[in-house]
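Sequence order for the protein chains is A and B. Using the UniProt record's numbering, you'd call the opening residue of the first sequence number 1 and step up by one each time. Using the UniProt record's numbering, you'd call the opening residue of the second sequence number 1 and step up by one each time.
Derived by calculation from the structure, the hints in this document are not laboratory data. Yeah, the Cβ is synthetic: ideal placement off N, Cα and C, and Gly gets one too. Heads up, a few of these hints could be off.
EDC-like, lysine to aspartate or glutamate: derived pairs with alpha carbons at most 20 Å apart [unchecked claim]:
hint, chain 1, residue 1, chain 2, residue 2
1, A, Lys68, B, Glu119
2, B, Lys140, A, Glu186
3, B, Lys2, B, Glu58
4, B, Lys3, B, Glu301
Quick look at which bits of chain B chain A covers, simulated, 3 or more residues with Cβ under 8 Å [claimed, not checked]:
hint, segment
5, 71-79
6, 110-116
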Amino acid sequence: MSVTCTAEDLVVALRAVSAAVVDHGDELTELDRAIGDADHGENMRRGFLAVAAKVDSPGQTTPAAVLKAVGTTLISTVGGASGPLYGTAFLRAATSLADVSEVDGVAVAAALRAALGGVVARGRAEVGDKTMVDALAPAADAAATAAEGGGDVPAVLAAAAEAAERGAESTKPLVARKGRASYLGERSAGHLDPGARSTALVLRALATAAGAR
Amino acid sequence: MKKIINDPSTVVVEAMRGLAAAHGDLLRVHEDPAYVARVDAPRRGKVAVVSGGGSGHEPLHGGFVGLGMLDAACPGAVFTSPTPDQVQAAVAAVHGGAGVLLLVKNYTGDVLNFETAAELIGAEGIDVRTVVIDDDVAVKDSTYTAGRRGVGGTVLLEKIVGAAAERGDDLAACEALARRVVAGVRSLGVALTACTVPHLGEPTFTLAEDEMEIGIGIHGEPGRARAPLEPADGIVRRLVAGVVEDLPFAEGDRVLLFTNSMGGTPLVELYLAHGIAERLLAERGVRVERRLVGPYVTSLEMQGMSVTLLRLDDELTELWDAPVRTPALRWGA
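This is chain A alone, in the form it adopts within the complex:
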């Protein structure tokens, strides 16, 4: 079993993320139709198809370089709020990894913490606002705990994915305070937040790919 993650591993995992986003595009759009404007699945699909094409081209030799390419690709293809938010998350994660050629569990946890910092800074959302932060924040916490306990990359990502899924579920009763769903006020309660759901999807796909190696 692999304990760390190279640029090559990351590319394989990102192809799996792209496939997962494409597979779940309709589900994301349905969630967004309920409390938003029904474009999240389509935007994410467009962005992650571009990501899959981008990471297939050579040139990114470190995990950070791969993540940076993902971030810039998402910013220029997704549109909506998700483009800058996901793009910033990947760019901040890239920065936190610096130039190392292999990352371990501790580095992955730090990258998730940095990604969360970027999303919060750009979107100005907090836990409980019914946004992707409700999935990403517990994921970063769980990843840190797993890494402190000596977890390797698959273990840290598995912990993050599980926490993100629980976090996404937790958005259901919430009243949205950020993003387009906030226009609905009380009517936004009773629905999963599409951004929290897609965050959980991305982390689950990364965890599954890491665990399969």
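With chain A held as given, fit chain B onto it using these hints.
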């Protein structure tokens, strides 16, 4: 869904080609990244006024590119904000050395993408300012929402600021003027039907035959409240009251009244509604000195309308009257 399209994924670019074919004397289009630019841009020494937003609101924003209004517009996918690289490319194409003013409708996605673009443009040494318009009184402006949306007032903002840039106002003056317009404009809309986004194929929400949605946005998102459908008098009364009482507009105020169709409401109904709005404002002593009536900020084929009021003074009136030559607004030039 019945639409005159080939493929949902090519709707925006095909529409841009048509826009260029129809108005090649006024504008040119660039497909990747997508933007619409004034044909004679860049204009040396003139502040470049750039806007953009999701497609599906036509003629907003591409239909307002031309003399006396926008230098460039960036169309996103339908109901999706454009991306930062589009804004960057548009600015590079039209920047005339006197700075850039970005006019952005207040939606989380638009604000984030334009904010990212502004950082990148600023890093290139270009003086860039951003003014966000949030004229929709239907949304509670509080820390518990993303804030009020930018809707009908956007057209008035683009016209007035575009005229100021055209007469040679500098960037600081254009920005201050834009903030003054934003402070004095309010809108409220109603929908009788939902609309269908091409790649979805079905309406984003449903309204029964005898229902209407008050406080509708322009992206097929539901509004503030659902109510039984009323005759035009009742509908327009709600819209005018919502707008007037928000700012509030007072007796003796001079205003521009903009009666807008959401795309599916025909002009015969729109003029009927406009007449009612004029009467109601007269009853309140609000003096309508300028008008705009038509489908200018639409939500695809949605049936519905919005009422926008802008408080006028001599300068704003003069800038509204100034020459404009764009696909959708044209007078004096």
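So, going through the hints one by one against the coordinates:
no.: 1; hint: A/Lys68 to B/Glu119; result: holds (17 Å)
no.: 2; hint: B/Lys140 to A/Glu186; result: holds (12 Å)
no.: 3; hint: B/Lys2 to B/Glu58; result: holds (18 Å)
no.: 4; hint: B/Lys3 to B/Glu301; result: holds (10 Å)
no.: 5; hint: 71-79; result: holds (count 4)
no.: 6; hint: 110-116; result: holds (count 4)
Checked against the numbered hints given earlier, the structure satisfies every one of them.
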